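Protein chains: 2
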Amino acid sequence: MILRAIPSACTLLNLAMGMLSIIATINDNYFLAAILILISVFSDGIDGRLARRFDVASDFGKQLDSLADLVSFGVAPALLVYADSLSGYGYIGLLFIVLYTIAGAWRLARFNILNISGYFVGVPITFAGGFTAGLVLLSLKLAAFPPIAFLIITPLLTYLMVSRIKVPKY
Amino acid sequence: MILRAIPSACTLLNLAMGMLSIIATINDNYFLAAILILISVFSDGIDGRLARRFDVASDFGKQLDSLADLVSFGVAPALLVYADSLSGYGYIGLLFIVLYTIAGAWRLARFNILNISGYFVGVPITFAGGFTAGLVLLSLKLAAFPPIAFLIITPLLTYLMVSRIKVPKY
Numbered sequence: 076m077i078l079r080a081i082p083s084a085c086t087l088l089n090l091a092m093g094m095l096s097i098i099a100t101i102n103d104n105y106f107l108a109a110i111l112i113l114i115s116v117f118s119d120g121i122d123g124r125l126a127r128r129f130d131v132a133s134d135f136g137k138q139l140d141s142l143a144d145l146v147s148f149g150v151a152p153a154l155l156v157y158a159d160s161l162s163g164y165g166y167i168g169l170l171f172i173v174l175y176t177i178a179g180a181w182r183l184a185r186f187n188i189l190n191i192s193g194y195f196v197g198v199p200i201t202f203a204g205g206f207t208a209g210l211v212l213l214s215l216k217l218a219a220f221p222p223i224a225f226l227i228i229t230p231l232l233t234y235l236m237v238s239r240i241k242v243p244k245y
Numbered sequence: 076m077i078l079r080a081i082p083s084a085c086t087l088l089n090l091a092m093g094m095l096s097i098i099a100t101i102n103d104n105y106f107l108a109a110i111l112i113l114i115s116v117f118s119d120g121i122d123g124r125l126a127r128r129f130d131v132a133s134d135f136g137k138q139l140d141s142l143a144d145l146v147s148f149g150v151a152p153a154l155l156v157y158a159d160s161l162s163g164y165g166y167i168g169l170l171f172i173v174l175y176t177i178a179g180a181w182r183l184a185r186f187n188i189l190n191i192s193g194y195f196v197g198v199p200i201t202f203a204g205g206f207t208a209g210l211v212l213l214s215l216k217l218a219a220f221p222p223i224a225f226l227i228i229t230p231l232l233t234y235l236m237v238s239r240i241k242v243p244k245y
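Respectively, the protein sequence lines represent chains P and X. Position in the first sequence counted from 1, then plus 75, gives you our numbering. Position in the second sequence counted from 1, then plus 75, gives you our numbering.
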């Protein structure tokens, strides 16, 4: 019973970190917001592994995982990039982060009905969110990193998520 | 082909309104944030109906709908209530909105694997989110509405979502 609950607990931790990251963004603490997304990446990496290790993988767990992923790697990084950089570009910035989140949801919905194992179709939202959080950290530490870079990187990640590119699983 | 796309377009509109509501909350425009959630309630009410009317209901559409619902009726109302009222209560306020979002995700995951028609198990997240947005509107217009009320209402909605209460479908 306890073993059964551990993977879902990791998923809920992932979701909680996503919510706290958004709150950190609202409070203008972009460093903390990025770190919390990276903790979510770690937490997301272990829940599926634990579920398979304990042989308790379930449809419920898979659904919960996708929902948490959208918040932590779709919504939270989009808001972080918006607050940190893209809000300076008016409606274009707004459009880019809404499209990023839509692409993340689209990819998760497609993943849930495809049931392909062995590789991912399109860049996983976990990668897109973690990569974005890492770049925001870099932009906060390196004055040389121009915020305008997200005008290219965010739409690129948006495209890569909904693309049909095969990405190997590790 | 166009008919097939209309319900998913409504779902994506729902998700976009949820994201714009969060941005409005970040910009301290709580009135707009609440209105955008209520537009999402409307948009969410028609996508499933259109899908069944056009006989294009799909697993993909159902997955996308749940993902959008979590953002528009889980994350957006939680952040709105936090910014408008619960942020004044420190960690308790933070805990309450994280638990609200977790309960919403839990309910959506359970709904997706139960496949019960005719009634809902637990209060739907759309109702919880719409009700919260309506109350925030009321609190903005009526000085008599105390923000402390959300210390009771938010945990109550959290409980009602994960409860086993049967709610009739209309």
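I should point out that these hints are in silico values taken from the structure, not numbers from a laboratory. Every value quoted in this text rests on a predicted model; they were computed, and no experiment measured them. Check the hints yourself; a few may be wrong.
No copy labels: a pair is met if it fits in one copy or bridges any two.
As the list claims (entries may be wrong) - Restricting the straight-line Cα-Cα distance to at most 27 Å, the calculated cross-link-like pairs of lysine-lysine (BS3-like) are:
#1 K137 - K241
#2 K216 - K241
#3 K137 - K244
#4 K216 - K244
#5 K216 - K137
Hint check:
1. K137 - K241: Cα proximity of K137 and K241: in one copy and across copies (21 Å, 25 Å).
2. K216 - K241: For K216 and K241, the Cα distance exceeds 27 Å both inside one copy (33 Å) and across copies (52 Å).
3. K137 - K244: both (17 Å within a copy, 26 Å between copies)
4. K216 - K244: Cα proximity of K216 and K244: none, with 31 Å in one copy and 52 Å across.
5. K216 - K137: neither (36 Å within a copy, 42 Å between copies)
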